[in-house]
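Colleague: Following the hints, complete the assembly by docking chain B onto the known chain A.
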Amino acid sequence: MDFLMLNSSGFPILSTLIFLPLAGALALLAIPGANAQRYWTLLVTGVTAAISLPLYSGFDASTAKYQFGEHIPWISSLDINYTLGIDGISLLLVLLTTLFMPLCVLGSWKYIETRVREFMICLLLMETSMLGVFMALDFVLFYILWEAMLIPMYLLIAVWGGPRKVYASIKFFLYTLAGSVLLLVAIIALYMSQGTFSIPALMGQSYSATFQLLVFLAFFLAFAIKVPMFPFHTWLPAAHVEAPTAGSVILASVLLKMGTYGFLRFCLPITPEATHVVLPYVQWLSVAGILYGGFTALAQQDMKKLIAYSSVGHMGFVTLGIFVLNQRGIEGAILQMINHGITTGALFFCVGMMYERTHSRELATAAGVGKFMPIYVTFLAFFSLSSLAFPGTNSFVGEFLILAGSFAENKILTAFAIPGAILAAAYMFRMVQRVIWGGTDNPEHKGLMDLNLREILTLAPLLVGVFWLGLAPEPVMNVMQASVANVLKQVGTASGGVVAVTSLMP
Amino acid sequence: MKIMLFAPEMTLLLGGLALFLLSIGKNTARLARPLALAVALATFGASLFSLRAEGFLFFDSYKIDLFSQVLKLILSGGLACVLLFGKELKDIAEEIRPEYYMFLCLSTLGLVMLVSSVELVTLFIALELSSYSLYLLVPMREERPGLRMQMESAIKYILFGVVATAVMLFGMSYLYGLTGTTYFAGLIPALRTMMDSPAALAGIAMVMGGFFFKLAVFPFHFWVPDVYQGASNETTAFISSVPKVAAVAMLIRIAAMATSEGHHLTSMLAIFAVLSMFYGNLVALVQTDIKRMLGFSGIAHAGYVLLGIVTLQEVGYATSLYYITGYLAMNVAGFLVICTVSQNGENLQISDLSGLHKRSPLMAFTLAVSMFALAGLPPFAGFMGKFMLLTGAYKAGYLPLVIIAAVNTAISIYYYLSVVRVTYAAGGDKTETINASASAKALSVGLVLLILALGLAPDMLMRLATDAVKSIL
Chain A
205 MDFLMLNSSG FPILSTLIFL PLAGALALLA IPGANAQRYW TLLVTGVTAA ISLPLYSGFD
265 ASTAKYQFGE HIPWISSLDI NYTLGIDGIS LLLVLLTTLF MPLCVLGSWK YIETRVREFM
325 ICLLLMETSM LGVFMALDFV LFYILWEAML IPMYLLIAVW GGPRKVYASI KFFLYTLAGS
385 VLLLVAIIAL YMSQGTFSIP ALMGQSYSAT FQLLVFLAFF LAFAIKVPMF PFHTWLPAAH
445 VEAPTAGSVI LASVLLKMGT YGFLRFCLPI TPEATHVVLP YVQWLSVAGI LYGGFTALAQ
505 QDMKKLIAYS SVGHMGFVTL GIFVLNQRGI EGAILQMINH GITTGALFFC VGMMYERTHS
565 RELATAAGVG KFMPIYVTFL AFFSLSSLAF PGTNSFVGEF LILAGSFAEN KILTAFAIPG
625 AILAAAYMFR MVQRVIWGGT DNPEHKGLMD LNLREILTLA PLLVGVFWLG LAPEPVMNVM
685 QASVANVLKQ VGTASGGVVA VTSLMP
Chain B
2 MKIMLFAPEM TLLLGGLALF LLSIGKNTAR LARPLALAVA LATFGASLFS LRAEGFLFFD
62 SYKIDLFSQV LKLILSGGLA CVLLFGKELK DIAEEIRPEY YMFLCLSTLG LVMLVSSVEL
122 VTLFIALELS SYSLYLLVPM REERPGLRMQ MESAIKYILF GVVATAVMLF GMSYLYGLTG
182 TTYFAGLIPA LRTMMDSPAA LAGIAMVMGG FFFKLAVFPF HFWVPDVYQG ASNETTAFIS
242 SVPKVAAVAM LIRIAAMATS EGHHLTSMLA IFAVLSMFYG NLVALVQTDI KRMLGFSGIA
302 HAGYVLLGIV TLQEVGYATS LYYITGYLAM NVAGFLVICT VSQNGENLQI SDLSGLHKRS
362 PLMAFTLAVS MFALAGLPPF AGFMGKFMLL TGAYKAGYLP LVIIAAVNTA ISIYYYLSVV
422 RVTYAAGGDK TETINASASA KALSVGLVLL ILALGLAPDM LMRLATDAVK SIL
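Top line first, the protein sequences correspond to chains A and B.
Here our numbering = 1-based position in the first sequence + 204.
Here our numbering = 1-based position in the second sequence + 1.
Think of the hints as simulated: they come from the structure by calculation, not from any bench.
Treat the hints loosely; a few may be bogus.
[Said to hold, decoys possible] Partner residues aside, some chain B positions facing chain A, computed with beta carbon under 8 Å:
#	residue
1	373
2	396
3	410
4	426
From the three backbone atoms N, C-alpha and C, an ideal C-beta is built for every residue, glycine too.
Chain A extracted, bound-state conformation:
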């Protein structure tokens, strides 16, 4: 257990973070009145966020070990343990999750009017399972939380979603579940091979080439669907468009990150040789996703769809960064995971706010609201700039690192990826131009209210994030360096075995 620094403070901070939202959800059952339920959920998510902050200050960035660890035997007959711990990579994603949840509550304050209690319970259950996924160091625990999250997300889309919610929710559920059943088989295979479910203990072991390739493919399918990588992305636009605003935000900001987190946490360190073998294929798939997402976004008339397809492109950058296998690329990818969470989450909030006012997400309807909603369009413009990676914003740093990392490995590949950034500028400027200045005077816009205080409070922290990470990303970069180096070390040591696996390929 030398990989785990057990929590010595006596306060089980990770468990608290996981179970606080769950306890909050149970307590909601007893709270009457929609408003009280909203305030309660805000309180619970707020307290969870506050408790998560000491994780950052107490984190030792000089080591790649898993920190704040907790270890309790759970199902002894199968040697399944309740093991939690976070390294630099999961720390950032945990913070992203905890800090986003209060905003999701704020962002759905008045928009959700029916069955508020159930909605808030779903949000809190989502938080519990998402945090657990990023903290779990036992494969069974990980898988349980990974799958359990499907249920509240499914309900969020299926109950509070748009007109085609049934189709979208079932597609989301089936796609992601189909991917992860093979993940379960891979987990069992790993357990049989090493006799443990402990994730760190399974890293850096020697597995046969065929075994690695099969395990990698099972992992890959599950994670690629979650990311989603082109061509496994078809569930995403439907789910995004039909989900209620908070659902879209959670999907974009946190859920998609679970896929890329899976690549980093499992594929690279556990099946390094297989990673080297499939590397070129995955890199080109990523580039295909960047271009596909960009072009498709360019053609959208629906703002939500536009942002959904832009997600496919942005996540293509993230997977590209991961699979170039160098420090710059992976650091850029992790930063971009956070950035995409902030920016795309914010853009979905913006679309949701527009929808609440005009009951339409069409660019044509929104055209020209700038005159009447100056605060709104200011936010929208800044987030759009961030989304297209304008220098000074967060995404610029991330995309720059990814492209720099990728350039060092493969210049041709990078040459194909760079137009993705130009496409992003094209579709984002198109949207901003239409919304702010576009069209003639629409008489229906006269009565539109600009953002109220609650909505400003939802968006303002995200705007701070955009510029903070854009101008001074060091606080985020510092905590992940050791962990990224560790991942690279685990992938790199396998170079000797690459030849053996290569012989398997046609």
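Modeller: Chain B in isolation, oriented as in the chain A frame:
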């Protein structure tokens, strides 16, 4: 104190007798349900009381051990659950209710005796006692205009059942002919030396056939859709869950005869498992009647359970027991909702459930938990059971089976999910709220908690199941 060993059986027997007296009395029908419930709970208590008892009865043909007592606990628990469903049987004429409850108790008595039988003839008698009671329960349903489904399904059930019994009896004659004994104690050592002989294999396979019928393993499943549809909802709830537990237990007892030498036996079981999973899941996809859908999905679950028995190992057996117990809870929870929602005892189409969340949030939630659990989603019992079954099968070297089971899980999600979807959909022309009885409400909360507890803390039941299996090996 030998009679104490027989306490659960005595309770059921006396309870049955009392119910019989009620059935000939006048104006006593309303006492039947409380009495039956008392009998079920007393049996549960008696099983719990004699959990650690051990001994032989009736010239050593009847063995009390941890294995049998654990199963008696589960079986009587299942009976109690079905009896707790509602205040009244909506679909069964008032005057025959005492008989209905009597046969329910007698069928359970047969099952309870079954799991203690360690001799072929005793086993046969116990099985038949249970089966014949069930055959009589199926047609006990009020006629609907232009429909005599219950008669048709009862006849199908009896005919298929009798054939299965005949096959089993035939297999028993092989075993007796080969070994010269009908006692398991003598059969097991004798059979282990002749596992490669076709006659022994055929004998074991045919005896298993009788239990495959009860468990509804493909190709012994023919009765399932019609009986599920034809019998009243409460009867189906019983048939679809409680006898299956006993069937799994007996399959384990028989498979235990063949430890380590049973290559052919495992191939046969593996083939049945694969066929059951695919057939059950694929046919369930297109069902519109929810009982039929659960019937076909039950065939698939029988396939999953066989994964544990295929391994011919202690852990595999224990997991199968764990899984079928979890299945009992999940399935009973599903049927509880069906029985509650079906106001007049009619068969429900899946579409009839639409908007259920408005009519009864608790029932909708219970149904959702039951469906998610049956589909094998964490954190419920179905996931943990499947996970352990897959782990065991992988360990025993059946990777293809593991992958097939995983793929089947993905297929099954679709139809389970569509039930949840319909339940929570906005539509539905029915708007009147559903008044579940207090016992049904309490039971649904209890079952949801049980399904969750089995999923999150499987260790306790697994330890009990492992100990139980150890006692028969």
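Colleague: Could you work out which of the previously given hints the structure breaks and list their numbers from low to high?
Modeller: No hint contradicted; all consistent.
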